[in-house]
Amino acid sequence: MDLSVLATLNAEREARRATVLVTDITAGTQRLVKQDDIAADPLAEPLEKQLRMAKSGMVEAEGKAYFLTVQAPHPRVVVTGAVHISQAMAPMAKTLDLDLVIIDPRTAFATPERFPDVTLLPEWPEEAIPRIGLDGYTAFVALTHDPKIDDPGLDAALRSNCFYIGALGSRKTHGKRVERLTAAGFDQEAIGRIHAPIGLDIGAVSPAEIALSILAEIVNTLRGPRRKPI
Amino acid sequence: MISTDTDILRAAEEWSRSGRQVAVATVVETWGSAPRPVGSHLVIDAEGNFVGSVSGGCVEGAVVAEAADVIADGKARMLEFGVADETAWKVGLSCGGRIKVYVEPVRAEAAL
Numbered sequence: 000m001d002l003s004v005l006a007t008l009n010a011e012r013e014a015r016r017a018t019v020l021v022t023d024i025t026a027g028t029q030r031l032v033k034q035d036d037i038a039a040d041p042l043a044e045p046l047e048k049q050l051r052m053a054k055s056g057m058v059e060a061e062g063k064a065y066f067l068t069v070q071a072p073h074p075r076v077v078v079t080g081a082v083h084i085s086q087a088m089a090p091m092a093k094t095l096d097l098d099l100v101i102i103d104p105r106t107a108f109a110t111p112e113r114f115p116d117v118t119l120l121p122e123w124p125e126e127a128i129p130r131i132g133l134d135g136y137t138a139f140v141a142l143t144h145d146p147k148i149d150d151p152g153l154d155a156a157l158r159s160n161c162f163y164i165g166a167l168g169s170r171k172t173h174g175k176r177v178e179r180l181t182a183a184g185f186d187q188e189a190i191g192r193i194h195a196p197i198g199l200d201i202g203a204v205s206p207a208e209i210a211l212s213i214l215a216e217i218v219n220t221l222r223g224p225r226r227k228p229i
Numbered sequence: 000m001i002s003t004d005t006d007i008l009r010a011a012e013e014w015s016r017s018g019r020q021v022a023v024a025t026v027v028e029t030w031g032s033a034p035r036p037v038g039s040h041l042v043i044d045a046e047g048n049f050v051g052s053v054s055g056g057c058v059e060g061a062v063v064a065e066a067a068d069v070i071a072d073g074k075a076r077m078l079e080f081g082v083a084d085e086t087a088w089k090v091g092l093s094c095g096g097r098i099k100v101y102v103e104p105v106r107a108e109a110a111l
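Taken in order, these protein sequences are the chains called A and B.
Take 0 as the starting number for the first sequence in numbering that gives the first Met the number 0 and just add one per residue.
Take 0 as the starting number for the second sequence in numbering that gives the first Met the number 0 and just add one per residue.
Hints may be right or wrong, so weigh each one.
[As the list claims (entries may be wrong)] Covered stretches of chain A (chain B as the covering partner; in silico rule of three or more C-beta atoms under 8 angstroms from a C-beta of chain B):
| no. | stretch |
| --- | --- |
| 1 | 122-134 |
| 2 | 162-168 |
| 3 | 172-179 |
| 4 | 205-216 |
[What the hints assert, rightly or not] Distance ranges between label pairs, derived from CB positions:
| no. | chain 1 | residue 1 | chain 2 | residue 2 | range |
| --- | --- | --- | --- | --- | --- |
| 5 | A | Gly135 | B | Lys74 | 49 to 57 angstroms |
| 6 | A | Gly191 | B | Glu108 | 47 to 55 angstroms |
| 7 | A | Glu44 | B | Glu46 | 24 to 32 angstroms |
| 8 | B | Ala61 | A | Glu126 | 51 to 59 angstroms |
| 9 | A | Ala60 | B | Gly56 | 28 to 36 angstroms |
| 10 | B | Asn48 | A | Ser169 | 46 to 54 angstroms |
| 11 | A | Pro129 | B | Ala45 | 53 to 61 angstroms |
| 12 | A | Ala26 | B | Glu108 | 13 to 21 angstroms |
[As the list claims (entries may be wrong)] Derived DSS-like pairs: lysine-lysine, alpha-carbon spacing no greater than 27 angstroms straight-line:
| no. | chain 1 | residue 1 | chain 2 | residue 2 |
| --- | --- | --- | --- | --- |
| 13 | A | Lys93 | A | Lys54 |
| 14 | B | Lys74 | A | Lys63 |
| 15 | B | Lys74 | A | Lys54 |
| 16 | B | Lys74 | A | Lys33 |
It should be emphasised that the hints constitute simulated quantities derived from the structure, not laboratory data.
Remember, it's a predicted structure, so these values are computed and weren't measured experimentally.
We put the beta carbon where it would ideally sit given N, CA and C, even for glycine.
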């Protein structure tokens, strides 16, 4: 592997763009295919298939064996609310290899002391989100209970192709949220993308347990269930 | 903590840029129950330092040893490990699976 190929691969991943490294394992030759160049590639079909699954693997084409190293953008969780639950989420997300971004304009909440080692943006979501961008590898989670902060975040998430959207709150709270989002012009299908009540139903009580149930739901959405019910 | 494939390939780049000779090992195929998925990386330098994992510990030693040869002669190799392949390798996977690992050198260029 040329260092230049490795450097490009790392740079593309940091820019949240997918790449596929194609290695002819018999000849030892390699080329890096960027996301935008896949359609024009001779191996477009297998490249697209592997990228869709975000899975590296061997493919046979034109009588040759290739290994495809698929680099899908890193999954990321964007949260509104520098609250108890997101504090508990921070170390869990790190262990799960999920990048965590926490947005909260309330500077008393969004302090580095409360959130060491986390990307913390003490801003309004309508300022922070356009800058960081939400994409198909992003999960959005609204945790503040405050419509002034959560709603602009949900608005941006519903207009994006986020793979997961969740909002904390009771059914009653969510009912009011649905009314506001409907008034803002979102239809039932769009609003139906929001997981609410948020998280897998594991009977979570404490902030850490709620964080666990939310992250479990995010992983479940990202990977999909594997086992069939007995 | 260097635990993710992101960190591992970044380490490969950093090591190579700092003048160390580096090989990258990648799990390219697995059969049966294998501990690490296809696409997992192990990065090794000429002194035998390594980050990442291709098997969760069972065959890393053999891969690191082979990587020294890859770094020395600059040629990529395909290694195969598993209980069913006792002729080539004495190192088995305790889980009973089989894996194929591709080990290749990182070639630094003068321009970089």
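(request) Evaluate the given range 24 to 32 angstroms for the C-beta pair formed by Glu44/A and Glu46/B. (result) Violated - the Cβ-Cβ distance for Glu44/A and Glu46/B, about 42 angstroms, lies outside 24 to 32 angstroms.
(request) Confirm or reject the claim that Asn48/B and Ser169/A have a C-beta distance inside 46 to 54 angstroms. (result) At 53 angstroms between Cβs, range holds.
(request) Given the range 47 to 55 angstroms, decide if the beta-carbon distance of Gly191/A to Glu108/B lies inside it. (result) holds, 52 angstroms
(message) Against the 27 angstroms threshold, does the CA-CA distance of Lys74/B and Lys63/A hold or violate the hint?
(response) Distance ~19 angstroms between Lys74/B and Lys63/A Cα, so the pair holds.
(message) Is the coverage entry for the stretch 122-134 of chain A by chain B consistent with the three-residue Cβ rule at 8 angstroms?
(response) As far as the stretch 122-134 of chain A goes, the hint is violated, because 0 residues have Cβ atoms under 8 angstroms from chain B.
(message) Is the coverage entry for the stretch 205-216 of chain A by chain B consistent with the three-residue Cβ rule at 8 angstroms?
(response) With 0 residues in contact (Cβ-Cβ under 8 angstroms with chain B), the coverage given for the stretch 205-216 of chain A is violated.
(message) Tell me if the beta carbons of Ala60/A and Gly56/B are separated by a distance inside 28 to 36 angstroms.
(response) Hint holds: Cβ distance 34 angstroms, inside 28 to 36 angstroms.
(request) Confirm or reject the claim that Ala26/A and Glu108/B have a C-beta distance inside 13 to 21 angstroms. (result) holds, 20 angstroms
(message) Please check whether Ala61/B and Glu126/A have a Cβ separation lying inside 51 to 59 angstroms.
(response) holds, 53 angstroms
(message) When I compare C-beta atoms, does the stretch 162-168 of chain A have three or more residues closer than 8 angstroms to chain B?
(response) Since 0 is below three, the answer is violated.
(request) Determine whether the Cβ-Cβ distance between Gly135/A and Lys74/B falls within the hinted range of 49 to 57 angstroms. (result) violated, 39 angstroms
(request) Could you grab the alpha-carbon distance between Lys74/B and Lys33/A and see if it respects the 27 angstroms cut-off? (result) holds, 26 angstroms
When each numbered hint is compared with the structure, violations occur for hints 1, 2, 3, 4, 5, 7, 11.
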